[in-house]
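Now for the letters of each chain:
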Amino acid sequence: MVALILLTLVCVTNFALSAVVLANNPRARMNRVLAGLALLLGLWSGVTFMEDAGFSQNVVEILVALDFGLAAVILWLYYELCIEVTRTKSKILTPLLAGMAVVNVGLAFAMQIVSVEVKPGSVVFTEQPLAALFYSYTALTILAGLSRLARRHSQLEGRERAQVVLIFFGLFLTATGVVVTNIVLPAVMEETPAVITRLGIYSNLFLTGFATYAIVKHRFLNVRMVVARTLAYVLLLTSLAGLYGGAIFAVTQLFFGGNSQLGNAERITYVVLAILLAFTFQPLRRFFERLTDRIFYRDRYDSQELLNNLGRIIVNELELDATLNRTLEALCAQMRIATAQVLVYNHGRVAKIEHVGALPQRIVTRHELSLLAQPLLVADELPAGETRDLLESHGVRVSVRLETKDRFVGYLLLGDKLSGDIYSAQDLNVLQIFGQELAVAAVNALAYEEIARFNITLQQKVESATKRLKRANKNLKALDKTKDEFLSMASHQLRTPLTSIKGYVSMIMEGDVGQVNPQQAELLGYAYDSSQRMVGLISDLLNVSRMSAGRFVIQREATDMAQLIRQEVTQLQPSARNKQITLMVDLPSRPLPAMMLDPGKTRQVVMNFLDNAIYYTPRKGQVTIKLRRIAGRKMRLEVRDTGIGVPDIAQKQLFQKFYRAENAKVARPDGNGLGLFLAKRVIEDQGGTIVFKSTEGKGSTFGFELPITLATKQEIAPTGATV
Amino acid sequence: MSRVTDESDFTAPTNILPPNGKRIILAEDDPFISRMYDIKLTNAGYAVTVIANGRDAFEAIKATPPDMVVLDINMPELNGFEVVRALQGSDFDMKSTAIVILTNSASPADRQTATSLGIDYLVKAETTPRGVLEFINKKLGVGESKPEA
Chain V
372 MVALILLTLV CVTNFALSAV VLANNPRARM NRVLAGLALL LGLWSGVTFM
422 EDAGFSQNVV EILVALDFGL AAVILWLYYE LCIEVTRTKS KILTPLLAGM
472 AVVNVGLAFA MQIVSVEVKP GSVVFTEQPL AALFYSYTAL TILAGLSRLA
522 RRHSQLEGRE RAQVVLIFFG LFLTATGVVV TNIVLPAVME ETPAVITRLG
572 IYSNLFLTGF ATYAIVKHRF LNVRMVVART LAYVLLLTSL AGLYGGAIFA
622 VTQLFFGGNS QLGNAERITY VVLAILLAFT FQPLRRFFER LTDRIFYRDR
672 YDSQELLNNL GRIIVNELEL DATLNRTLEA LCAQMRIATA QVLVYNHGRV
722 AKIEHVGALP QRIVTRHELS LLAQPLLVAD ELPAGETRDL LESHGVRVSV
772 RLETKDRFVG YLLLGDKLSG DIYSAQDLNV LQIFGQELAV AAVNALAYEE
822 IARFNITLQQ KVESATKRLK RANKNLKALD KTKDEFLSMA SHQLRTPLTS
872 IKGYVSMIME GDVGQVNPQQ AELLGYAYDS SQRMVGLISD LLNVSRMSAG
922 RFVIQREATD MAQLIRQEVT QLQPSARNKQ ITLMVDLPSR PLPAMMLDPG
972 KTRQVVMNFL DNAIYYTPRK GQVTIKLRRI AGRKMRLEVR DTGIGVPDIA
1022 QKQLFQKFYR AENAKVARPD GNGLGLFLAK RVIEDQGGTI VFKSTEGKGS
1072 TFGFELPITL ATKQEIAPTG ATV
Chain R
32 MSRVTDESDF TAPTNILPPN GKRIILAEDD PFISRMYDIK LTNAGYAVTV
82 IANGRDAFEA IKATPPDMVV LDINMPELNG FEVVRALQGS DFDMKSTAIV
132 ILTNSASPAD RQTATSLGID YLVKAETTPR GVLEFINKKL GVGESKPEA
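Each protein sequence line maps, in turn, to chains V and R. According to my numbering, the first sequence is numbered sequentially starting from 372. According to my numbering, the second sequence is numbered sequentially starting from 32.
Think of the hints as simulated: they come from the structure by calculation, not from any bench. Any given hint might turn out to be false.
Unchecked claim - Ranges of calculated distance between the beta carbons of each label pair, as one might list FRET restraints: (1) V:D1041 <-> R:F63: 20 to 28 Å; (2) V:E1033 <-> R:F63: 39 to 47 Å; (3) R:S127 <-> V:K991: 51 to 59 Å; (4) R:F63 <-> V:D1056: 40 to 48 Å; (5) V:K841 <-> R:P107: 36 to 44 Å.
The structure displayed is predicted, hence computed values, not measured ones. Each residue gets a CB set at the ideal place from its N, CA and C atoms; glycine is no exception.
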């Protein structure tokens, strides 16, 4: 009974290992060799067990032939496994051993290694002369394999060394067990008990055990999860078998006293046991699953949660550095990866490298990079070769190629895990999904950076342009200032001689040097008008230059408006007289109080209005100047003429700088278009409004309304007599 | 200083008045301008002293205070305002003499300075010698000059 259970355990374990290894990666040679080895070991165990199970001579002969045939193949596979594990090759031994394997299989089926005779109670083996060939083949493969492992062992480090050591001991113990029990002992002893032969069978548990351990602990193959499940299943089956068998045994012994006849009670017991079995199956299964999970998944994580977490980082980060760095850190923290790097390419060049842990050696050459042109590369699953060497030499266990639908983005290269574990199927699954997300995020971040860079360039351009403009503006301002200064100086310089001309002419006209006859007076009048006009012109220019220089300031002082008007009328009386224009002055009967005004500028306005009125009024016309106090503490000045008037079309623009109506241009080609512009400004700056009415061909009324701002007595005192 | 008389070809001036006993110091560095006002004021009966720089004007005013001082602003040595300040800073009796700035500067700052010094301010280009004469007559209480013929 115990033997049967053990045999079942051996077979099941071997078959399970075989299936798992093959399912994991059917194309990898290592997997195929190990799977074949485990499968054949399982078969061989079964065959060997059945040899002395009491079958007939013919059946036993076939079984024995199978026994040795399988053994020959197993030995060859064992040698191949050693080659795979150590990644070495021998040009002589490999073909030699393969040839010997074929020969031995032939010998086995020709019954040329051992013959067998079934006797009642036992099976007798007799060695044939050619058995020596089998033994030497056995010795050669075992020694070659072990020596290969031993030699390779010293050259390897860390994880790989551990793998080799485990496989070595697994093979060594199995080989030793089999050789001793099946070859050495039968050769030494006269009559070998069957139990010893069987012990040899069990010894191959060493191989599967050690191989499994190597897989689980040292990433011998990436089959951890499947192994875990398989082990759980094996343990479950074994337990159930033990429980079930033990229960039956106990029940039969207790209640039936070894009686093999089945009664009703016995059937009921079976039913009860079956129910018990059904009930205990799930809890037991869960128990063992939990147990194995605890052993195998100490750093287990929830894929969806990790992906969500990474997705959140990607969504929240705009910049490439931060995106790569934070996702990489989160990934490594969760999967417990020691080193990782991500390379992002832009326009065929590496645009960004981010890494976690020690900075690994860069993969640079075009050829090396072309080896990585796979969506997912797992170093442990690759066949020995250039790609695998490249990955291992750079400490990369997993390479994920980052690409979007239409663009290659870069690589995600992951190193060893902190635990030394291999990357699980779950890890790889997550990495593939994450790789796609990261690729899209990287493309977006690159686009964002490009826009940001473009913005910076744009900003720099704007700044430099602004700087140039500022400089130009500064120069212009300086130039403008020079111009204003020149204008101001020139005006002042012009004023002095002009004052002389105007003064002397006026004196002659006034008879200071004797009587002037009417003809002389007329001509002197023209000279006087012209000089007076020039005074106005210079004042306008001065005011405009002050205005553009921001120095146009209203300076209020106590001003007697009526007096100011009288003086201006006196000034312009000669001009009016020359054109035989009646100049009428209409001042309020009750004198207006002194008001706070800018006398110079206000005077200029009055002069402009009067001068225009006289100029644009034909001979023998009439100009009336009228000053009144009106409602709302205001005073209103009007200068009405019977002149050419302002065309409707020109009225809106009349007060604009340099604007002149067409008829005015004809009448006075040398006008500067500044007088009305300045008048408006002067009046409005003093809180007043311009009065203007005109009908073309009939005449115009220009004037203003100003609020009456009374001067205090103190203010009147010093300038009360200002002319 | 000099009177235009009928010894020339001109017909006799129509508005020459006898001396009125008032003294005027005219500080003006432009000879054409000073001559102009000199004639006008002298014809009107004033005793006019023309001085062409600020320092000499100051000395003359201090030596024999006139009834009226007419000051240009831009002059050699001292400008018109500086003359006023110098006078104010000395033991000169400001009340006994009327002072007026007669300039071609239309600068608001200059006008402001005159106001702050408490003196009158005339712009040459904006008036005529007759306007200046009328101002002085009024200031000194001399009867209106005869209207123009």
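Verification of the hints:
About 26 Å separates the C-beta atoms of D1041 of chain V and F63 of chain R, a value consistent with the hinted range of 20 to 28 Å. For the pair E1033 of chain V and F63 of chain R, the beta carbons lie near 41 Å from each other, so the given range of 39 to 47 Å is met. Remark: the range hint 51 to 59 Å for S127 of chain R to K991 of chain V is upheld by a beta-carbon distance near 52 Å. Range check, F63 of chain R to D1056 of chain V: about 36 Å between beta-carbon atoms, so the 40 to 48 Å window is missed.
A C-beta distance of roughly 42 Å is found between K841 of chain V and P107 of chain R, which places it inside the suggested range of 36 to 44 Å.
Hint check: a violation occurs at hint 4 only; the rest are consistent with the structure.
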